[in-house]
Amino acid sequence: MNDARLSPAEAPWQLYICHACGYIYNEHDGDPDSGLPAGTRFADIPDDWECPLCGVTKSDFEPYVPPDLGALKSAAPCHATAPRAAPGIVVVGAGKAGWQLIEQLRAQLPETPITLVTACAGDVYDKPLLSVAMARQLATPALVKEPGADAAARLRVRLLAHTRALHICTASQTLRTTHGPVPYASLVLAHGAQAALPSPLRADLCWRINHLQAYQRFRAALGSAPRHVAIVGAGLIGSELANDLALGGHRVTLIDTQDRPLARWPAAEAGQPLLAAWSGLPITFMGAVRLQQLERQGAQYRLTTTDGQTVLADQVVAATGLVTPSRLAASAGLAWDNGIAVDAGTLQTSVPHIYALGDCISVNGCASRYIEPILRQAQTLTSALVCQCLPSEARAAPTPYTVRDAVVRVKTTSLPLSLH
Amino acid sequence: MNPADLPPEVSCPPALVLAMRDIAQGPLAQQVQAIDQGTYPREVLQQLAAAGGMSAHLERPGQPADYGLAIQAMAEVSQVCGSTGFMMWCQAVCGLYLQACGNPALAGQVLSDHVQGRRLGGTGLSNPMKSFAQIEAMLLKATPTEGGYRVNGTLPWVSNLGPDHYFGAIAAIEGQDGAALMFLLRCDAPGVTLKPCPAFSGMEGTGTYAVQVKQLFVGAADTIAAPAQPLIARIRAGFVLLQCGMAVGVTQGAIDSMWAVENQLGHVNQFLDDRPGALQAELDALTTRVMQLAKTPNDPSTEFFIDVLDARAHGAELCLRAAQSALMHQGARGYLLSSDVQRRVRESHFVAIVTPAIKHLRKEMARLSAEEMPA
Numbered sequence: 001m002n003d004a005r006l007s008p009a010e011a012p013w014q015l016y017i018c019h020a021c022g023y024i025y026n027e028h029d030g031d032p033d034s035g036l037p038a039g040t041r042f043a044d045i046p047d048d049w050e051c052p053l054c055g056v057t058k059s060d061f062e063p064y065v066p067p068d069l070g071a072l073k074s075a076a077p078c079h080a081t082a083p084r085a086a087p088g089i090v091v092v093g094a095g096k097a098g099w100q101l102i103e104q105l106r107a108q109l110p111e112t113p114i115t116l117v118t119a120c121a122g123d124v125y126d127k128p129l130l131s132v133a134m135a136r137q138l139a140t141p142a143l144v145k146e147p148g149a150d151a152a153a154r155l156r157v158r159l160l161a162h163t164r165a166l167h168i169c170t171a172s173q174t175l176r177t178t179h180g181p182v183p184y185a186s187l188v189l190a191h192g193a194q195a196a197l198p199s200p201l202r203a204d205l206c207w208r209i210n211h212l213q214a215y216q217r218f219r220a221a222l223g224s225a226p227r228h229v230a231i232v233g234a235g236l237i238g239s240e241l242a243n244d245l246a247l248g249g250h251r252v253t254l255i256d257t258q259d260r261p262l263a264r265w266p267a268a269e270a271g272q273p274l275l276a277a278w279s280g281l282p283i284t285f286m287g288a289v290r291l292q293q294l295e296r297q298g299a300q301y302r303l304t305t306t307d308g309q310t311v312l313a314d315q316v317v318a319a320t321g322l323v324t325p326s327r328l329a330a331s332a333g334l335a336w337d338n339g340i341a342v343d344a345g346t347l348q349t350s351v352p353h354i355y356a357l358g359d360c361i362s363v364n365g366c367a368s369r370y371i372e373p374i375l376r377q378a379q380t381l382t383s384a385l386v387c388q389c390l391p392s393e394a395r396a397a398p399t400p401y402t403v404r405d406a407v408v409r410v411k412t413t414s415l416p417l418s419l420h
Numbered sequence: 001m002n003p004a005d006l007p008p009e010v011s012c013p014p015a016l017v018l019a020m021r022d023i024a025q026g027p028l029a030q031q032v033q034a035i036d037q038g039t040y041p042r043e044v045l046q047q048l049a050a051a052g053g054m055s056a057h058l059e060r061p062g063q064p065a066d067y068g069l070a071i072q073a074m075a076e077v078s079q080v081c082g083s084t085g086f087m088m089w090c091q092a093v094c095g096l097y098l099q100a101c102g103n104p105a106l107a108g109q110v111l112s113d114h115v116q117g118r119r120l121g122g123t124g125l126s127n128p129m130k131s132f133a134q135i136e137a138m139l140l141k142a143t144p145t146e147g148g149y150r151v152n153g154t155l156p157w158v159s160n161l162g163p164d165h166y167f168g169a170i171a172a173i174e175g176q177d178g179a180a181l182m183f184l185l186r187c188d189a190p191g192v193t194l195k196p197c198p199a200f201s202g203m204e205g206t207g208t209y210a211v212q213v214k215q216l217f218v219g220a221a222d223t224i225a226a227p228a229q230p231l232i233a234r235i236r237a238g239f240v241l242l243q244c245g246m247a248v249g250v251t252q253g254a255i256d257s258m259w260a261v262e263n264q265l266g267h268v269n270q271f272l273d274d275r276p277g278a279l280q281a282e283l284d285a286l287t288t289r290v291m292q293l294a295k296t297p298n299d300p301s302t303e304f305f306i307d308v309l310d311a312r313a314h315g316a317e318l319c320l321r322a323a324q325s326a327l328m329h330q331g332a333r334g335y336l337l338s339s340d341v342q343r344r345v346r347e348s349h350f351v352a353i354v355t356p357a358i359k360h361l362r363k364e365m366a367r368l369s370a371e372e373m374p375a
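Residue numbers (this note's numbering), protein chains in the order written: chain A, 1 to 420; chain B, 1 to 375.
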């Protein structure tokens, strides 16, 4: 039917909703109690008419189209999930540590309810490849090995995606989240670490490429044209990013307080050969300087060092190390020693039923930010959690996790390095 | 439970809490049902205020602000009557605006009368708070004029009002993108009309009206803050934290009504989940958390505010569970229209939906937790 051909009197009745209280005015019914006979068009209602429910006036109404309930219902995923109240193992964080643990747990505990709480979508990907993806200019989907929802279905995990873990109630063994309380029998913290932002770096002025979503948004900000990117911090992450952004066609200024990149290792083994290898790439290394100011200048960012040098860049990336967020640990009163202190034998924290692995833990005060230990930590923790589910006489002590000196592979493709 | 095992602040309540208990279990208890059905308890509110029940969180010479005590006072009353506990909160936050505004025209006699309960007031910040959290649009609009503003619009359901009351309100300033005016809206000012609300399922005696505002002049004398946002940022944690008093009190009332039938019905009630002992343990842990947060109500950090929002959300969730479980424990006797058990179920619903409702709290916590990135 073409309404335009109808006279106003024949036009279909319209609905209008009060955005203060949700009352719906139906032109067909009018509002006889307020003197509007049935059939009163909204346009004909006097301006001083009041919402019969809450008293606001006509200007607080807007046209309303009733939703198609059938369409809404058929579009919503309707599948039974494990009841919220079934306490099982609850894992916080869907990074390498979280998924690795769940893979191993599910292999040994086919029936135990597992819930994964994560601030992101839970997609499975390799974080070290975020930098490589810059060089190859890969779009985000190419990085995702398995969507979070698929991995959750395959492993029969209840996935609470885009959900923030807020607080742990230890007495009632409940994790509080932005999607409601989640009871646990065992809780595993695998939420990782986040970028440290020493002053004058600010979250609204510089990127931290620490997860898939940040990579995606940074890529979008770069656009398709070559840009000038300033990277603050020339450690492992900063150097890899500089290398890969330069290979991706961008001009890079790499800034560090030390006089060479990868200054944690001897100059002759790391910094010097790396700089030599970069000589053909558009990378400028500004060493032995300290950043004093970072500010917007038009569409760009101006970086000023304490010795008066300035750099004008299109985007700024912070690669100034990681810190472990302490909110959850503090809420449960977990012992803290440069991260969540865990027992190497079981990866249990100082509080019963709460465990941790990955970047957020420390063993004897040592944190590790590398991939290699995560697999071994997941094995230890899986044994510890499986033990909990067995009768006491069947329990065997888990293989303790041991801290080893890691060999660090620097994926600077101009000069790949293995450093001890 | 042996009282000797309790920490000193619980086993020996402060004098203010004892004064609240006397009023709550005396004159207030007599009228609880009438209040639920529509009687506004002006005299009781004035007694509670005069005893200091709605001003412990306000700093005065020789007396530091004590949010923990203010929350305890509110909890003591909410245990008997959730409506009255809610109106204490209205009066308490209105006092907070009057003190925080730094406007001598409001912070002097007006505040003093308010603290003493000689004048009563409320808060109309539900809509602006949701507007700041990008949940809905601002309903009051202020147009700058000679010496002040002209305000127009209608606020649905503002509580603790009466013909000679007032409340803290916020209006969007026309032509100034995002700017807002916070002011004391006097119910008896020219251009202001109180309209009765349709019947709610409970808490009818809370003096709740729709407030119509036409060409109301707001001058310097009634200005609380312009722009409003810095003041709101300063008091937001205290505003939300004080609401925990309602949740704690209604929950405690529900738990007590479970114990009340334990001797007769314990043999069947043992099969219920959410038993009073477990709920009490959870409430005690939450109360400890709230009291800890109440020590630093002015902490401006986002992390602290998220903690406050989560404690408030936990209070609402626990309140719902406890009230529901109390009805299961009491059975038919709790379902009688005269029973405080079914009344408390409706009060618990109110605690969970009054701004900020559970869903608003969670949305705001998610928003505040999101990692900030360059634009």
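Treat the hints loosely; a few may be bogus.
Below, computed lysine-lysine pairings styled on DSS-like, alpha-carbon distance capped at 25 Å [to be verified]:
1) Lys127(A) / Lys411(A)
2) Lys195(B) / Lys58(A)
3) Lys363(B) / Lys195(B)
4) Lys58(A) / Lys214(B)
5) Lys130(B) / Lys214(B)
6) Lys145(A) / Lys411(A)
7) Lys141(B) / Lys214(B)
8) Lys130(B) / Lys58(A)
9) Lys145(A) / Lys127(A)
10) Lys295(B) / Lys214(B)
11) Lys295(B) / Lys58(A)
12) Lys359(B) / Lys130(B)
13) Lys130(B) / Lys73(A)
14) Lys195(B) / Lys214(B)
15) Lys73(A) / Lys141(B)
16) Lys141(B) / Lys130(B)
17) Lys141(B) / Lys195(B)
Ranges of calculated distance between the beta carbons of each label pair, as one might list FRET restraints [stated by the list, open to error]:
18) Arg234(B) / Asp343(A): 38 to 46 Å
19) Gly191(B) / Pro52(A): 20 to 28 Å
20) Arg367(B) / Ser326(A): 15 to 23 Å
21) Gly102(B) / Arg136(A): 55 to 63 Å
Note that these hints are calculated values from the structure, not bench results.
Backbone N, C-alpha and C define an ideal beta-carbon position, used for all residues, glycine too.
Status of each hint after checking the structure:
no.: 1; hint: Lys127(A) / Lys411(A); verdict: holds (13 Å)
no.: 2; hint: Lys195(B) / Lys58(A); verdict: holds (16 Å)
no.: 3; hint: Lys363(B) / Lys195(B); verdict: violated (31 Å)
no.: 4; hint: Lys58(A) / Lys214(B); verdict: holds (14 Å)
no.: 5; hint: Lys130(B) / Lys214(B); verdict: holds (23 Å)
no.: 6; hint: Lys145(A) / Lys411(A); verdict: holds (20 Å)
no.: 7; hint: Lys141(B) / Lys214(B); verdict: holds (10 Å)
no.: 8; hint: Lys130(B) / Lys58(A); verdict: holds (21 Å)
no.: 9; hint: Lys145(A) / Lys127(A); verdict: holds (11 Å)
no.: 10; hint: Lys295(B) / Lys214(B); verdict: violated (41 Å)
no.: 11; hint: Lys295(B) / Lys58(A); verdict: violated (46 Å)
no.: 12; hint: Lys359(B) / Lys130(B); verdict: holds (11 Å)
no.: 13; hint: Lys130(B) / Lys73(A); verdict: violated (28 Å)
no.: 14; hint: Lys195(B) / Lys214(B); verdict: holds (13 Å)
no.: 15; hint: Lys73(A) / Lys141(B); verdict: violated (39 Å)
no.: 16; hint: Lys141(B) / Lys130(B); verdict: holds (15 Å)
no.: 17; hint: Lys141(B) / Lys195(B); verdict: holds (19 Å)
no.: 18; hint: Arg234(B) / Asp343(A): 38 to 46 Å; verdict: holds (43 Å)
no.: 19; hint: Gly191(B) / Pro52(A): 20 to 28 Å; verdict: holds (22 Å)
no.: 20; hint: Arg367(B) / Ser326(A): 15 to 23 Å; verdict: holds (21 Å)
no.: 21; hint: Gly102(B) / Arg136(A): 55 to 63 Å; verdict: holds (58 Å)
Going down the numbered hints, you'll see the structure goes against 3, 10, 11, 13 and 15, while the others check out.
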